[in-house]
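Colleague: Residue strings, one per chain:
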Amino acid sequence: MINSMNKVVKGFLIGLLLTAMAIIPACKSKKPPQPKVVPTETTATAPNVPTMTTTTETRVTNPPDFVQTQTTPQITTETLPSDIEELNRVAEQRGYLQDAFYSFDESTLTTDAQAALTASANWLRKNPQYNLLIEGHCDERGTEQYNLALADRRANSAKDYMTALGVDANHIRTVSYGEERPFDPGHDEAAWAKNRRAHLVIVGK
Amino acid sequence: MIRYRPLIRPSATFSRGRRLSNSAPSPWGEGAAKRRVRGCVITLILLISTSFHAQTQIHPEINRQQAAAIVRIAVPRPETTLPLEAIESPFFAPLTRDLAASGVFAIAPIPPNIPASADLAKAANAEFVLALKITQDGADTILEARLIDTTGSTQFGRRYRGVPAVLTRMAHMLSNDLVRAVNGKPGIFLSQIGFASNRSGHWEIWLMDWDGTNQRQITNHNALAILPSWSPDNDRMAYTLFTGGRSEMYIINRRGGGRIHVQTGVGLNTSATFSPISNDIAFVGSVAGNPDIYIIRDDSTNLRRLTSSYSIESTPEWSPNGRQITFTSGRSGTPQIYVMDAEGTNVQRLSFEGEWNDDATWSPDGEQIAYTSRVSGRFQIRVANVITRQSRIIAGEGSNEQPTWSPDGRWIAFQSNRSGRWQIYRMRIDGTDLTQLTFDGENKEPDWSKKTE
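Protein chains in written order, with our numbering: chain F, 1 to 205; chain G, 1 to 453.
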């Protein structure tokens, strides 16, 4: 029974992957960025200034503002194709991928965090075709800039642990979101505990 | 009247005249008009200098005391041919806001029905009356401003010309010129504050004028753009963009040329900050989970690593002379502020109080740093003397973080969540005159432009 279930799931996942491979390239092409219309400045000719003995005159115009031109590099959005999302949902639901949680201002792995990463590493070793993105996150209680550095270290501590367990380091990337993208918007310890984590995500590339 | 004479020093006035005629690349400059008016400036200077010289010598001490005093000024509404509502909110409101906040002027209440003259100054018990006239000349609006003392003499006179859309800018320029005429230093009324806001649905980089007006979005990534930082010439802004599961450093230039991706070759790329004296940018880079302070040139070359501790380093900020960099390090066990030479040598710890310190930023004179400091579990703005290391808290409600100095060193802008959401506030460095500057969405990471334009 369990075996047949696994087969069904495997078949389902392979199907998903094939669909993903077919859809991702199609999703990649984006509209070229539209150049913003730059308001032109009025340049007036030299005015006919009446003579004044005690008044100087200054020409005032607004300086150019920040503008975006068509030389802007192409930016890919962070929205992943829905089939990858589905894959991540299934992997998380079934415990194939488990996030690691941290103590306040810490990037060392607790026993629970190690167990979570071990389970994830085991699954990834069996499925070496997937690329993993590890997002580092912090709770809101620290300062923003330091927390970006702290969450970078968290993500890398998870990566190091998984590569030590045999996952190919070339298939793992890290990114730090600091306290920018909390999972729980609350302001209590329950929320903070959820937000101090290394979040594991399968990515298409 | 004569009491404020030493403040309008001939030398200061003369240097202003010179600056005007030399500032060739000024985008709003008009060489011909400047040359024409230069003669007038010199005439004015001579008048002021000859009539003021004797008094300066007779009462030097009284004059020194008065230099720090506040000048009472009467500011009647402009005499104008335009509808009043075309003047009120784009011109008169920002002008009076500027002057009231200048720390140089106090606006005197004025009695009704007296024309802008020496009589009005006397009736309002003011030293000066600011006589304003706004007229329309074809497409141009012309502002004529005179500072008249109680004897009826014009102590400052200038005419400003431009399309109606620049009326607010005229108000700020006039305020700057008046501050400079009275205390010889530039005003901050054309300075701008960069910040990050999520009011569009995504975190983007925004700008506002110093008084919180004219808020506008300058990036449009629909992703996560944060941590804006001005270049010393106010033309460029560096920030961090999260896209495609990476965080990268970008620079935008107000004079065009598009967005530049600074390719550092390392991870993180947060807290970018321009050197005040070179093309270098200091930032936090990370290799294999070890965040350190790095420097790279703005053309993506010459990457240098300044710190090499195993601990977390973050949040670099240059001293105004470009010779030192403050940063945050966890090497002692908690995040604390350190300073090093710009080559990465001579590291010294600056903060010893507070459980968690970050976001150090230098006052424009380089004598003080302001930073975020956790005291009894709450973040507050702390100001410390760099040499003596003595510090004081500027207490406020909620959590208060990421301070930034105004270019004249009189104000600090910062973010606070006292309203329940992150908003940007501004206060004097003694904590008074607190003003909330943002209201829509959440707003954070203020960075005040380094010069006043």
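None of these hints come from the bench; they were simulated from the model. Treat each hint with caution, since some may be false.
Unchecked claim - Listed next, with one range per pair, are the computed distances between beta-carbon atoms:
| # | chain 1 | residue 1 | chain 2 | residue 2 | range |
| --- | --- | --- | --- | --- | --- |
| 1 | G | Asn279 | F | Arg181 | 29 to 35 Å |
| 2 | F | Glu189 | G | Glu367 | 48 to 54 Å |
| 3 | G | Arg392 | F | Glu106 | 45 to 51 Å |
| 4 | F | Ala164 | G | Arg331 | 21 to 27 Å |
| 5 | G | Gln390 | F | Ala164 | 31 to 37 Å |
| 6 | G | Phe352 | F | Arg181 | 21 to 27 Å |
| 7 | G | Asp430 | F | Ala164 | 53 to 59 Å |
| 8 | F | Ala119 | G | Asn279 | 30 to 36 Å |
| 9 | G | Pro83 | F | Arg181 | 47 to 53 Å |
| 10 | F | His171 | G | Arg428 | 50 to 56 Å |
Said to hold, decoys possible - Examples of chain F residues toward chain G, derived with CB under 8 Å:
| # | residue |
| --- | --- |
| 11 | Asn62 |
| 12 | Ile84 |
| 13 | Glu86 |
| 14 | Asn88 |
| 15 | Val90 |
| 16 | Gly95 |
| 17 | Asp99 |
| 18 | Ala149 |
| 19 | Leu150 |
| 20 | Ser157 |
| 21 | Val175 |
| 22 | Val203 |
Unchecked claim - Calculated from the model, a selection of chain G residues having no Cβ within reach of chain F, i.e. all distances over 10 Å:
| # | residue |
| --- | --- |
| 23 | Pro76 |
| 24 | Arg77 |
| 25 | Val166 |
| 26 | Arg389 |
| 27 | Phe439 |
In this text, a Cβ means the ideal position worked out from N, Cα and C, and glycines have one as well.
Colleague: Next, verify each hint and record whether it holds.
Modeller: A quick look at each hint next to the structure:
{"no.": "1", "hint": "Asn279/G to Arg181/F: 29 to 35 Å", "in the structure": "holds (33 Å)"}
{"no.": "2", "hint": "Glu189/F to Glu367/G: 48 to 54 Å", "in the structure": "violated (41 Å)"}
{"no.": "3", "hint": "Arg392/G to Glu106/F: 45 to 51 Å", "in the structure": "violated (31 Å)"}
{"no.": "4", "hint": "Ala164/F to Arg331/G: 21 to 27 Å", "in the structure": "holds (25 Å)"}
{"no.": "5", "hint": "Gln390/G to Ala164/F: 31 to 37 Å", "in the structure": "violated (48 Å)"}
{"no.": "6", "hint": "Phe352/G to Arg181/F: 21 to 27 Å", "in the structure": "violated (33 Å)"}
{"no.": "7", "hint": "Asp430/G to Ala164/F: 53 to 59 Å", "in the structure": "holds (54 Å)"}
{"no.": "8", "hint": "Ala119/F to Asn279/G: 30 to 36 Å", "in the structure": "violated (48 Å)"}
{"no.": "9", "hint": "Pro83/G to Arg181/F: 47 to 53 Å", "in the structure": "holds (49 Å)"}
{"no.": "10", "hint": "His171/F to Arg428/G: 50 to 56 Å", "in the structure": "holds (54 Å)"}
{"no.": "11", "hint": "Asn62", "in the structure": "holds (5 Å)"}
{"no.": "12", "hint": "Ile84", "in the structure": "violated (12 Å)"}
{"no.": "13", "hint": "Glu86", "in the structure": "violated (18 Å)"}
{"no.": "14", "hint": "Asn88", "in the structure": "violated (13 Å)"}
{"no.": "15", "hint": "Val90", "in the structure": "violated (20 Å)"}
{"no.": "16", "hint": "Gly95", "in the structure": "violated (23 Å)"}
{"no.": "17", "hint": "Asp99", "in the structure": "violated (16 Å)"}
{"no.": "18", "hint": "Ala149", "in the structure": "holds (4 Å)"}
{"no.": "19", "hint": "Leu150", "in the structure": "holds (6 Å)"}
{"no.": "20", "hint": "Ser157", "in the structure": "holds (6 Å)"}
{"no.": "21", "hint": "Val175", "in the structure": "holds (5 Å)"}
{"no.": "22", "hint": "Val203", "in the structure": "holds (6 Å)"}
{"no.": "23", "hint": "Pro76", "in the structure": "holds (18 Å)"}
{"no.": "24", "hint": "Arg77", "in the structure": "holds (20 Å)"}
{"no.": "25", "hint": "Val166", "in the structure": "violated (5 Å)"}
{"no.": "26", "hint": "Arg389", "in the structure": "holds (20 Å)"}
{"no.": "27", "hint": "Phe439", "in the structure": "holds (20 Å)"}
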